[in-house]
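Student: Spelled out, the chains give:
2 protein chains.
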Amino acid sequence: MNLKILKKNLKNIFIKHGLNKSHAEISSSYIIKAELFGAQSHGLARMKMYCDRIKKKLINPNPKIKIKKISNSISHIDANNAIGFVAADVGIRQAIFNAKKTGIGLVGIKNSSHYGLSTFYAEKAVKENLTAWCYTNAPPAIAPHGSKKTLFGTNPICFGTPSGNKTPFILDTSMSIINRGKIRRAEKLGYKIPPGVALDKLGNPTTNAKKAILGSQLPIASFKGSGLAWMVDIISGVLTGANHGGKVRDPFDDLTGPQNVGHLFIVIKPNIFIGKNYLSQIKRNIKTVKRLPKSNRINKILYPGESKYAKYKKNLKKGINIPTNILKEIKKLNAI
Amino acid sequence: MNLKILKKNLKNIFIKHGLNKSHAEISSSYIIKAELFGAQSHGLARMKMYCDRIKKKLINPNPKIKIKKISNSISHIDANNAIGFVAADVGIRQAIFNAKKTGIGLVGIKNSSHYGLSTFYAEKAVKENLTAWCYTNAPPAIAPHGSKKTLFGTNPICFGTPSGNKTPFILDTSMSIINRGKIRRAEKLGYKIPPGVALDKLGNPTTNAKKAILGSQLPIASFKGSGLAWMVDIISGVLTGANHGGKVRDPFDDLTGPQNVGHLFIVIKPNIFIGKNYLSQIKRNIKTVKRLPKSNRINKILYPGESKYAKYKKNLKKGINIPTNILKEIKKLNAI
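Protein sequence lines, in the order shown, are assigned to chains A and B.
Residue 309 in the numbering used here sits at position 309 of the first sequence, with consecutive numbering throughout.
With the second sequence counted from 1, adding 1000 to any position gets you the numbering used here.
Do not take every clue at face value.
Said to hold, decoys possible - For each label pair, taking beta carbons as the anchor points, the in silico distance ranges come out as:
#1 A:T288 to B:D1200: 15 to 25 Å
#2 A:N277 to B:K1318: 49 to 59 Å
#3 A:K192 to B:K1127: 47 to 57 Å
#4 B:K1007 to A:A310: 53 to 63 Å
#5 A:N129 to B:D1200: 40 to 50 Å
#6 A:A310 to B:P1205: 29 to 39 Å
The hints are simulated quantities; they were obtained by calculation from the structure and are not laboratory data.
Every residue, glycine too, gets a C-beta built ideally from N, C-alpha and C.
Using the sequences provided together with the hints, build the complete structure.
Tutor: Written out as structure tokens, the structure reads:
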């Protein structure tokens, strides 16, 4: 489908469901961006969820987002249940502003909702020649180490930095073996999920997407991934005043109130310590890794971000493939 | 062995090898602390390595550590090849000072060396009611995803925060499946290492510690762990002006020059956003996780730090067990 037309459609759908124009503009851009990155789990498959929540005002269609200045470096944002894309967009802009002024920007955001890919916001910082960490908590998906009940979200760690190359270095990695969106999408499309990534609610391994959603996802690296997911819950949720400890509502299944997701953004100038040398050094670093002897069946050693941006470029040319199921849903949303 | 006597012995050994008194005091304390935490890989087993490097002045026994103020929040430290314990100790104190003043402290350290456990420095911040991230790079141990040659260190991510309980929340997790010190110690004591954690230099799985050291360690979670180790190399090494991209020298095997390890410490006041509520909220968070239904064969759900501090207390009472091999080495070092 032509991307301009698709974008216009998505924007209209959002507006029809009550979202204000500027938020509809921002949100539809990010949804298309997710598709271009090949992260279909964070794209069109979520339109119905967002619209359902907007209609029920669980996402505030006209929020008053308050930015509280703590210092020139630190800001606290109450997003007033704005759609996550907008809350995070405001947040990363503030963190960038603070970092440019003082060398470091720290922004905590509460009363937000699902914000799509952390990559979006890290990219914004990298485009301004800054280095960034973007953290967000999420609804229960992973059982803490030692427990059989889910509590932590897939809680990604995202880190972006200028690479000295056209493609930014952006690592965006959930603390579950695969991301929840992939399981959601598999459920929607009737696909199986890979073995070894999830358990059913009795604690037995499963490849059934529906059972996995009712059960728990496995964290990466056992207690290590569980600990990292816990860290992300603390810094995104506890620190910022957002929900935490399993209280972030599932955006698909729980329509009893706003999600109150929390985000934490840390942005720094990468040249604070070594000045202009940063770019030549990071370039050297990446070159050294890329020149290592390769494992069997590997053509090229890639840095985090490269494969995502390659997909982006390719999809921008060849367009987005929309599964029939999801196309139907979009048409239905547009028909109200 | 009586801990006071042991400490005195270690201090003397350091001084005999040329280290100045105050650095010998700090270093011997941290080495005993590693043993108390049950991290023997970072304790007495490293004494000979430190002494060898001090004797050859690869660790500067009388460094001039320079602290450059970038802003009230940001400092850059040139540790002048000090022993890592001291460089990191100076660094975390500066980061704590900056955080207390402005809410956030960022300190980059170059020309340092192996600093023991990241937990030591995170603990210092937590004891001052602060939240901290401590990062360090390390000599090649992990092959980047797609390569068969080691380049990244085990590059830990360490995060500490007040828990509202006596025991701090300190997550300290290397990006390799097990830490390199454990393999070093297994090599020294003639033990096997567990299967699935390392490859020999031809890329085949091995449980032989010596072969693993000549080969490569496996990162946690495949490309995810590899990406996180890369992030740690960038922020600890590239950003600070330290060695990076596989250039950090192995402290045991490479006596051709100083290591030039880099560290990055980020310290924040956990009450910047929600004030006093932070403590009640983190307490609630931990309580919620601990009350979850437990997996089979699990008695208690623990938060990161709990098992380490339990060992610490136990070892403080019952004393440290020193393997004959290592005791011999210590005696030899003391006899020069």
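Student: Determine for every hint whether it applies to the structure shown.
Tutor: Hint-by-hint comparison with the structure:
no., hint, verdict
1, A:T288 to B:D1200: 15 to 25 Å, "holds (23 Å)"
2, A:N277 to B:K1318: 49 to 59 Å, "holds (50 Å)"
3, A:K192 to B:K1127: 47 to 57 Å, "holds (50 Å)"
4, B:K1007 to A:A310: 53 to 63 Å, "holds (56 Å)"
5, A:N129 to B:D1200: 40 to 50 Å, "holds (42 Å)"
6, A:A310 to B:P1205: 29 to 39 Å, "holds (32 Å)"
Of the numbered hints listed earlier, not one is contradicted by the structure.
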